[in-house]
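Undergrad: Given next are the chains, with one letter for each unit.
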Amino acid sequence: MIRRAVRFLDQRAGAGSALGKALRYVFPDHWTFLFGEIALYSFVILVATGIYLTLFFEPSSSTIVYHGSYAPLQGQEMSKAYASALTLSFEVPAGLLIRQVHHWTALVFLAAIVLHLMRIFFTGAYRKPRDLNYYVGLTMLTLAVIEGYAGYSLLDDLLSGMGLAIGNAVALSIPVVGGQLGTLIWGGRFPGTDAFFSRLYIAHVFIFPVLIGSLMALHLAMVAIPRHTQFRGRRRRESNVIGTPLWPGYALRSLGLFFSVAAVLFALGGLVQINPIWQWGPYEPYLGTNGAQPDWYLGWLIGALRLMPHFDVVIGGYTLVPNPFWGGVLFPGLVFGFLYAWPAIERRLDRDYAPHNLLDRPRDNPRRTAIGAALFAWVATIFFAGAADRAFVQLGVPYEGQLWGYRAASVLVPTAAYLLTRRVCEHLREDGGHPGRGSGARVLARSRSGGFEELRPQGQSAADGEQG
Amino acid sequence: MRPRRILIGTLAAVLGAFAIAVFAQPPQARPQGGSSAGTVAVPTGLREAGRALFAEGCSSCHGFEGEGVPGQAPSLRGAGEAAADFYLRTGRMPLDQVGEEPLRATPRYSDSQIRALDAYVASLGPGPAIPVVEPGRGSVSDGMQMFNESCAGCHGTGGKGGVAIGAYAPPLGEATPTEVGEAIRVGPYVMPSFSEAQLDQRDLDSIARYVQLTQNPDDAGGFGIGHIGPVPEGLVAWFAAIAALLLVARLIGQRNEGDEPGGEEGGKA
Amino acid sequence: MKWFLAALRWAWRLAVAAVVLVLGRRGEGKLERELPASPRAEGAVAALLFGAGLAGVAFVLVYAFDGADTQLLGAAIALALGLIGAALILAAGRVLPQEQLEEERPSFAVPTAEEEHHHDEAAEETVRALHKGREGVTRRRLLGAAGATAGLGLGAAALTPLASLGPRVGKLLEESPWRDGTALVEENDLPVRAGDLEVGSFLTAFAEGADKRELAAAVVVVRVEESELELPPERRDWAPEGLLAFSKICTHAQCAVSLFRYPLFAERSPGPALVCPCHYSTFDVLSGGNRVFGPAVRPLPQLPLRIEAGRLVAAGDFSGPVGPSWGGVREGS
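Protein chains in written order, with the working numbering: chain A, 1 to 468; chain B, 469 to 737; chain C, 738 to 1070.
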């Protein structure tokens, strides 16, 4: 049976030997290498559940009066988009399950990408020859954030409408071109024409998924061509890769991960409620609810919008740079700009133009680790500032005071993170310990001649093995 | 066996208990005529008892005749029975310190004491009477619409409270229908008030009914995680889903690559 | 530093120990092939897979016979997926051959020089092959310039239809349905009467006849004590009987300004204010909508009001442009 299938393919596509080679493709083994796979499998689940949802959802802002089974909304006028999402949630069997799985998966997809990015950053995996692939990855993260926002906005409930209002205001705030840009995308002034919803829909279900999917294929190909990176270790050199072959070990393990990802997401989708749009109500531009928040991956932007002091650039009575620009465009621009620029900056700083296939442990490069820690701490501080209103309700800390606290923290926390991380790394490098694996006890090995010699800690052997 | 059925059962039980509680209220405290402004005829004895309680517990801030003390506390002339009842039943008054924000607490007075104080404050000047709120007569859908238009800006569409800049817009999880009606008429602390011309009796019933719904919302999707939207959702995504998947990843992949030369575990070689 | 590391170490150990306890640690990396040959593990894998099949059937049954309850559906399908996942992971670790392979990487030119522009034979060959393609071409510059022109022209032509997506911005963002005499109506199109609002109350109103979704159509009307007003002299007549109207759209990021705080005891609390719940921009009512807190910069545009036969009517257009600022919007007063 197997033989016949392989022969069939071999005789028609000459695929026999290539297939054989692919089966022996080697995956180095480390648990942190799986973050990207979690993102990949989340994307698969997003596409599958998303296709199902398109069969029921109606992306239209034209209004109808709701007569479905959810009593508190009966008789209310609302857009067909919101009404069809309600029908999907209450009338379509398994519809709510799939909708909730889709939303949970979106949150996990972005979380996995961010974790993957951190792993790549802190181990120096973005260095040549993989810098190009790192840019592809960053681009996918950007696209995924926009894709998530588009999905959140499609439902036309109270929260998504408020999110769109802010998004439009941020677009308008871009100097010189902003007004026209916002008007083009929305087909007019906010809340836009009917065409806007079909545009948002086609962007969410076609343009962005296709872009992300194509980049993902490119991303994987560019991982496979130079093979994976690996941590330093016995027999591991720049020129080889040691690990589990695709067949059978890795394929099964990875498939196991896929099913685990799906299991967690379907369990959440079935048991934990996410975005209960029927509890928010329909959106109108003149309605607003206290405590509205975006999904977590946009939390850093609402934090930035709220933290920014009231300041516009005004020339001769005309606003040139309105306030939402700082938090909504400049801040993410700085963060992503830095991430894009970092491989080139580091190359310049170290005058290191060589390709690298062996990974650094975070401690091996205290400067990089400290800079990364400072960057992520900066974003995280501003992210938490976005939830200050909830912290006020739950914990009673005055909002106005928190705002000033976070403004100070957005300077102090990254500085502290930089200094602390740098010290921890240097300390670890000195004593060779691992924060999870005990002290820097020295390891002795018996040498061939019968005497004992000290095996040198990783950090130093790493430096020795650089040319390997 | 089926979670939703259990949920509906609980909801029905709670609503039922509620209805009984509302109808079993002693009628003398609820003069008919609802919320029309004006002093209400009450037994003199009750008012005198209220005056005594007021002199003891309230007069140091509000003055002996409820005339208010400049810089300390407002005059209660015209505050009405509804205001007194709302502040006392939700434990917001008396304050521990002049100037602090009145927040919900355990009431300091018993039911009969509150009724006496209500009667006394009502006698100080014409003000809103305690509204008669019967959620059963309202429409939950009208209530939701009015709530989102007039209340959600501060209390949030799910009634979970929020920041009102310089003040706290409280969550409505414990608010009884009468308290909802009183707050709407009185406008406690920094809350705006709404006259009968703006929100009539039926509107009060509908809003109170919707508030009851927010206290036991329809969680068709499962565990409600606080009903405040994306913040807890993000927490669950990171600290439940991602945490679980990291454990799986840790299980599948190795922590270190095992056979490092100088690595701590390589020492076994 | 030591205590910090110790704490980190213990947190990490506890997390890992939990996993290790449940499922046992997989063997260290092996460089050679090893066959586990464990019938017990095979049995366990089979049991997990059978269980997954049953859970799948349970999903179908819940769908068909139990009204497709979301929680039961989710539990059943998650169980099925989880059991398959567990079976595969167990099989990969305990049933299938355990092996480690070494593979040589495809050799990329490894530069020895510090510079990125080192000599690289493979790259040079490609460059030569590309150069061959232009042998015999004499007016290379001219053709290059022509090609670039074609590209730019066509590129511009390809982008032009995008301009059809929306109207020219022009004065669009400043449009307003309010004129002198436009009546204020409520959401149900009934006129707003001055008597509807008591002091300390607010409501949302719209320009009569306008689309309620239009950004400038919605206003928030509030009533305060007339004696407390501190409006600038030119707006003295804008608030009859203490009734003021403001655009409902925040000048920061155009959310609806839907919080109205009216302090009962003004002596101990800042005055009446309108707040936007998105980023908490706060506008002072008594002085005519000046910003007092939050990221907004421009004041909230005020709509002049007058009372005609008990009905509220606009006495003109807003004091400034409605909605968020954008490059070019004129500062409001």
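To be clear, the hints were calculated from the coordinates, so they are not data collected in a lab. Bear in mind that the values here come from a model prediction, so they are computed numbers and not experimental data. Every residue, glycine too, gets a C-beta built ideally from N, C-alpha and C. Treat the hints loosely; a few may be bogus.
Here are some, though not all, of the chain B residues that point toward chain A, as calculated from beta-carbon distances under 7 Å [said to hold, decoys possible]: (1) V537; (2) S578; (3) A665; (4) A717; (5) R718.
Undergrad: Are the hints correct? Go through all of them and say.
TA: Consistency of the hints with the structure:
1. V537: Given a least distance of 26 Å, the restraint on B:V537 is violated.
2. S578: It is violated, given that the least Cβ distance between B:S578 and chain A is near 28 Å, above 7 Å.
3. A665: Not OK, violated: B:A665 not within 7 Å of chain A, min 21 Å.
4. A717: holds (4 Å)
5. R718: This hint holds: B:R718 lies near chain A, its Cβ roughly 5 Å from the closest one there, short of 7 Å.
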